[in-house]
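J.: So the chains spell out like this:
2 protein chains.
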Amino acid sequence: MDLLKVKKNDVLLKACLKEPVPYVPVWYMRQAGRYQPEYRAIRQKYSFFEISHNPEICAEVTKLPVTQLGVDAAILFADIMTPLKSIGINVDIVEGIGPVIENPIRSEKDLEGIRLLNPGNDIPFVQETIKILRDKLDVPLIGFAGAPFTLASYLIEGGPSKGYHITKGFMYSKPHLWQNLMARLSDLTISYLEAQIEAGAQIVQVFDSWVGALNSEDYHQYIAPFMHYIFSELKKTGVPTIYFASGATHLLKEWNELPVDVISLDWRTTIEEVRNQHIDKALQGNLDPSLLLAPFDLIKKRTKAILDQGKDKPGFIFNLGHGIFPSVKVDTLKKLTDYIHQYTRKDPVND
Amino acid sequence: MDLLKVKKNDVLLKACLKEPVPYVPVWYMRQAGRYQPEYRAIRQKYSFFEISHNPEICAEVTKLPVTQLGVDAAILFADIMTPLKSIGINVDIVEGIGPVIENPIRSEKDLEGIRLLNPGNDIPFVQETIKILRDKLDVPLIGFAGAPFTLASYLIEGGPSKGYHITKGFMYSKPHLWQNLMARLSDLTISYLEAQIEAGAQIVQVFDSWVGALNSEDYHQYIAPFMHYIFSELKKTGVPTIYFASGATHLLKEWNELPVDVISLDWRTTIEEVRNQHIDKALQGNLDPSLLLAPFDLIKKRTKAILDQGKDKPGFIFNLGHGIFPSVKVDTLKKLTDYIHQYTRKDPVND
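Sequences listed follow chains B and X, in order. The numbers in the UniProt record's numbering rise by one with no breaks, and the one at position 10 of the first sequence is 10. The numbers in the UniProt record's numbering rise by one with no breaks, and the one at position 122 of the second sequence is 122.
Next up, chain B with everything else stripped away, as it sits in the complex (with noise of 0.2 Å):
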C-alpha cells in the first residue's frame, strides 16, 4: 500500500501489524516539548498553536527528537484540542494548566458548533505539515487525535479535572445529549484523522487520556460504540491505529473487543499481567515517565523487565505509559533508546 510506504525505516509499522521485526522500535509520547532546550527557545518566540499552525516550525519541532534521539518515529506536534479549536470553539492552552475552553457545553445548543473538519479550510496547515515531514523524514509519521471522551472533558468541564464530576454527571443525567455530543466528537475525530492520513499519515494513535476515571461498565455502556465507530472506520484506510489512555487497565478487556491495533499501556500493569489476560492486540508501553528521572542503571533494569516481557511476541512497541514531562534530559531518553535498540537488536547470524 503507497501510504504505508516508508523510505527507510519501517520497524514501527511492522511491529503495529504483528509481523516481525529486526528489534524493538521506540517513540515517546511527548518526544517533542519543552525537555528539549530548543523547543524552549522557539517556544521563547511562538506560543504553542503558533508554532503548530506554522507548517515549516512543526514540521521542525515534530522532526527534532527523531533526529536528536534515534527513535522510530515521528509524531506530529499538535494538540489534542487542535480540530476543536480549527472548527471554531474558543480554545487556549495555558501554560501550567492545559487547554482551557471559555464556553463550557452545557445545553444541547451548544452542541451545534460541533460539526465536520472541512480539511482545506480548517486545517490547512495541518495537511502542509504532513506533506513536509513526510518529504524529510525516514521514520513513520504517526498522526494523532484526542478521543470523543476526553474532549468531551474539556468542553464540558471547561478545562483540566481532577474528578470528571461535571462530565460523567452530564453523561449520566443527559444520555440522549451525550450520545448527541459523542456522535459529533467521533466524526470530528474521523474526519480529522482521515485528513491526517490522506496528507501522508502513516500510523494514527487515538488518546483517550482521561477515560481510565470511567469503570468498565459505564465505558461498555457510554463510550464503546464510539470507539468501535472511530476504529472501524479508520480500518477502512488501511492505517494502523493506536489506542492510549492512563491508568485504564481496568479496561483492557474492553479495548480488546475494539477494531484497534495496538493498545498502549502505562506503568501500573504488566506486558504479562495483560498477555495472562488474553489481550492479543500489538502492545505498546510501558515505562512508568517519572523513572526517567531515576538513575541510569534503574532506568536500564526497568526497561529491561519490559524488554525481556515484550520483545519476543511479535507486536511489541516501547513508550512511556504518558508523555515525557519539562524536567527530563534529552540524553537520558538518547541512552535509553540505544539501550532498547541494542539490547534487543536480533544477532544477524541467527536470523
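I should point out that these hints are in silico values taken from the structure, not numbers from a laboratory. A quick note: this is a predicted structure, and the numbers were derived from the prediction, not measured.
Put simply, identical chains are the same to the list, so a pair is met inside one copy or across any two.
Below 30 Å or equal to it, Euclidean Cα-Cα: the simulated DSSO-like pairs (lysine-lysine) are:
#: 1; residue 1: K253; residue 2: K311
#: 2; residue 1: K301; residue 2: K253
#: 3; residue 1: K346; residue 2: K14
#: 4; residue 1: K281; residue 2: K18
#: 5; residue 1: K334; residue 2: K174
With chain B fixed as given, assemble chain X onto it according to the hints.
T.: Positioned in the frame of chain B, the structure of chain X alone reads:
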C-alpha cells in the same frame, strides 16, 4: 474492650471485624463538607483550620452529617495535613487547589522538621474534639490520617500534582533519604492516630489517596514496609483499621498482605472481581461519587449492584470510591442512605 463500646449503633464496628450485622453500614468520605448549606455558612465565618482547631465548632461540623443523613459513623473533621501543620510545617489549604507547602522538601536538612507529635502540646484540639464527640455521638467515631506516600507527595511537590514526577524522582534517586522521610512520616502517622485512639476514636482510616500512581513493584519496594509497620503498630490498640486509595486496583494483592482490617475500593473494580482475586479483608466501597449527580433511579440501580455483591458475606461497608464534592445535594445522600439501610436490612423473622 472499652474503647470499642458504642452507646447505640455498633454496626460499622461489627462490619470492620467481619461480624454479622443487621444491615450494611454506610458512611461517606468527606461527608462533612461544602455540599452542606450549613457547612458553607460556617465556612463563611471561619477558615478550614479555624474550624478544625476549635473543638466545639469542629465537633458540630463532624456530627452534622450523622444527624442529617443517618449514616452509621462520624469521621473527625480534619485535613490529612493537620499533623504536619501541628509540628510546624508551613502548610495552607488553598480553596480550589488543596494543600500548599511553602518550602518543599529537597534535601536531608529539610527532613529535620518532621518529628513525632507531642499530642498534649501539638494537637490538644484534636483530642478535645474527639472527647466532645464521643459524648454526643451514638455512632462510632472514625479517626484518620494521611499515609506517608501521600503526605510525602505534598511535601516534595509543594502541593497537589498530576504526575508525582518530583516525588517519584526523589524516591528513585535518593533511596536513603526516601527511607528516612517515610520512616519519619510513619512514626508521625502512628503517633497521630494513637493520640486519636487514646482520646476515643473507635476506627481509624489511613488515606493513601495518591499511591495508585505507583506500580506494584514500586509499592512493594518503597511503600509496603512502612504500611506494614503502621498497621502492625495500630493493631496493638485493638481499633479496626481501614486503608484507602483512589485508582489503586492494581495494588490490591499487596494490600491484602498488610495487617489492616478493611480495604476501601474505588469504582474501577467490583466487589466480585476483588473477591475473585482472593482478597479476604473486609471491603468498603465503591460507588463512583460522580453518580451522585445522576437521576436517583440510576444511583439506586448501581448501588443495588454493589450491595448485591457485598451484603451476603460478613465484612462489607458501603461508601463512595472517593469524597463527596460540592455540587452534590444533601437530599440525594439522605435518600441513598435510607435505601441502603432498607434494602439490606435482614428480616427479623428470618434472623
